[in-house]
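Student: Given only the sequences and the hints, what does the whole structure look like? Please build it.
2 protein chains.
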Amino acid sequence: MRIGWIGTGVMGRSMCGHLLAAGYAVTVFNRTKASAQHLIEKNAAWADSPAEVAERTDVVFSIVGYPADVEEIYLGPKGVFAAFRPGCTAVDMTTSSPSLARRLAEEGQACGVGVLDAPVSGGDIGARNATLSIMVGGEPETFKQVRPLLDRLGKTVVLQGPAGSGQHTKLVNQILITGTMVSLCEALLYAKSAGLDPRVVLQSVSGGAAASWSLQNMYPRILDGNLEPGFYVEHFIKDMGLALAEAERLKLSLPGLALAKQLYESVLANGGARKGTQALILALEALNGIKPTPPAA
Amino acid sequence: MRIGWIGTGVMGRSMCGHLLAAGYAVTVFNRTKASAQHLIEKNAAWADSPAEVAERTDVVFSIVGYPADVEEIYLGPKGVFAAFRPGCTAVDMTTSSPSLARRLAEEGQACGVGVLDAPVSGGDIGARNATLSIMVGGEPETFKQVRPLLDRLGKTVVLQGPAGSGQHTKLVNQILITGTMVSLCEALLYAKSAGLDPRVVLQSVSGGAAASWSLQNMYPRILDGNLEPGFYVEHFIKDMGLALAEAERLKLSLPGLALAKQLYESVLANGGARKGTQALILALEALNGIKPTPPAA
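In order, the protein sequence lines correspond to chains L and C. If you read the first sequence in our numbering, its first letter stands for residue 233, the second for the next number, and so on. If you read the second sequence in our numbering, its first letter stands for residue 233, the second for the next number, and so on.
Please note that the accuracy of each hint is not assured.
When chains are identical, the list treats them as one kind, so a pair holds in a single copy or across two.
Only pairs whose alpha carbons sit at most 27 Å apart, straight line, appear in this in silico DSS-like list of lysine-lysine [unchecked claim]: (1) K483 / K470; (2) K387 / K470; (3) K483 / K493; (4) K376 / K265; (5) K376 / K470; (6) K523 / K483; (7) K523 / K424; (8) K493 / K424.
By construction, these hints were calculated from the structure, which means they are not laboratory data.
Tutor: So, in structure tokens, the structure goes:
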């Protein structure tokens, strides 16, 4: 089985590396060739377009930035569908729109190509350690075929339903994070304003009903003045936008999500686009006329 | 050392029981005597008022409902301070107002009585198993004296700072929970509306950045249609009100907390005052014109 890989950013590079390490023949494409160099040195072949990747392989994976990129990669003039053959499979791992995922699946069906949406959570560390959660939407038959490959990339690989369900599940994941991040930043500001030592507070609140991954991981980073990305604010805003657009389509009122997105927009306004999601503290500080915490020395 | 215990509700009963089991002589008072009966059968003595408890003991613990109850118990005509002697100690474990905690500490200081605020988290199970987190505000000297008693009631006992700091820390704990609960309910509604199976979704989202105590414990209860209390909605609303009042005093804008409280007010409007905090789903369902999920058979 010949594998194609489109998108060699921080996530894609690590993930593709696992397939190369497992001995698969992999052909890669990326908008900028430089970021694929490391994979080419490990024997990945280079292709000049998504269509060329599709021409030379049987299963194509993609993980890029935005839904518009996904659309171009698959449906553009030099896209995967311009060259893919019946019986081939495409797996888009970008966090993208459920509606686009359904559209790709339909296009695929029309030309005998199996298409899965399979976005991931777990970040750069999960990609590096192959411990990602992979949320899959599509046909059970197609899922069964590529499952051994997905198992090389993540430890929690679950078929969530028909095309689009992987994207929907990823958006559920993002919605869950939003409110926790808002209250985490508010709680931290409250603690400081009330004259508490926020590190000592953590001892009291981390073991019970207030416990969360964000509290354990993001709260200490904020205290250290470390707003470096894990996951970019601008990408998180993209995901919240996707979730709100789907919610609107579903006629669903989600006021907490809407507020969280507005607060993250304020992080953009305060220069935090390429900082990590914990930079939400900038919005709460701005809102309260508090000077941003400088990074720890 | 003779111990007094005021407030024998679900929490107080279990906690007081641990001190009796450890062999301490305990005198109890409760507004309704019936709920103290179980402790009296275990050799607790009964007193007819908080003042009578104070008269006959050296350290008085209290855990009641609202700040107004705390005020009456300590400062009322038959209150603890009407009968306490210099050198005695009072420990209020009610989740109450930081300002009231400071006032009690001042009143205590004026008559030679050490006062701690020491609210808890961990719920009825934590009270029963003595695994509570106890967040303490007050003088280090007073804390040192009663610490061995607090260690009988909880496993995480931390002095957070001067009088009021225990209450502030508990409010931080509650603020942290609010946003997580809002996004949990919104994520669940989104999952259902998108046609996902919310139990299968949990497999994909519970191990990563969306993980939280609430997701692990409250999400399954909501799916089961189980809105029974753990912790009453009306008490959670009291805590959010205390936090917002303190935030106002501190000139702190906390929009997430404000929204969460408004949504919980809607749970009240939908008959959920004496349900558990997971009944927040009623507000989101009402907001979206969705009929409440009936309890599982």
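Student: Would you mind marking each hint as holding or not holding in the structure?
Tutor: Taking the hints in turn, this is what the structure says about them:
When the C-alpha separation of K483 and K470 is checked against a cutoff of 27 Å, the pair qualifies only within one copy, where the shortest distance is 20 Å, while the shortest distance between copies is 32 Å. In this assembly of identical chains, K387 and K470 lie within 27 Å of each other by CA distance solely inside one copy; the values are 26 Å within and 42 Å between copies. Taking the shortest Cα distances, K483 and K493 sit within 27 Å of each other both inside one copy (18 Å) and across copies (23 Å). For a Cα distance limit of 27 Å, the shortest separation of K376 from K265 qualifies neither inside one copy, at 32 Å, nor across copies, at 64 Å.
In this assembly of identical chains, the alpha carbons of K376 and K470 never lie at most 27 Å apart, being 30 Å within a copy and 51 Å across copies at closest. In this assembly of identical chains, K523 and K483 lie within 27 Å of each other by CA distance solely across copies; the values are 15 Å between and 39 Å within a copy. In this assembly of identical chains, K523 and K424 lie within 27 Å of each other by CA distance solely inside one copy; the values are 13 Å within and 41 Å between copies. Taking the closest pair of Cα atoms, K493 and K424 come within 27 Å of each other both inside a single copy (24 Å) and across two copies (22 Å).
The earlier numbered hints that this structure contradicts are 4, 5.
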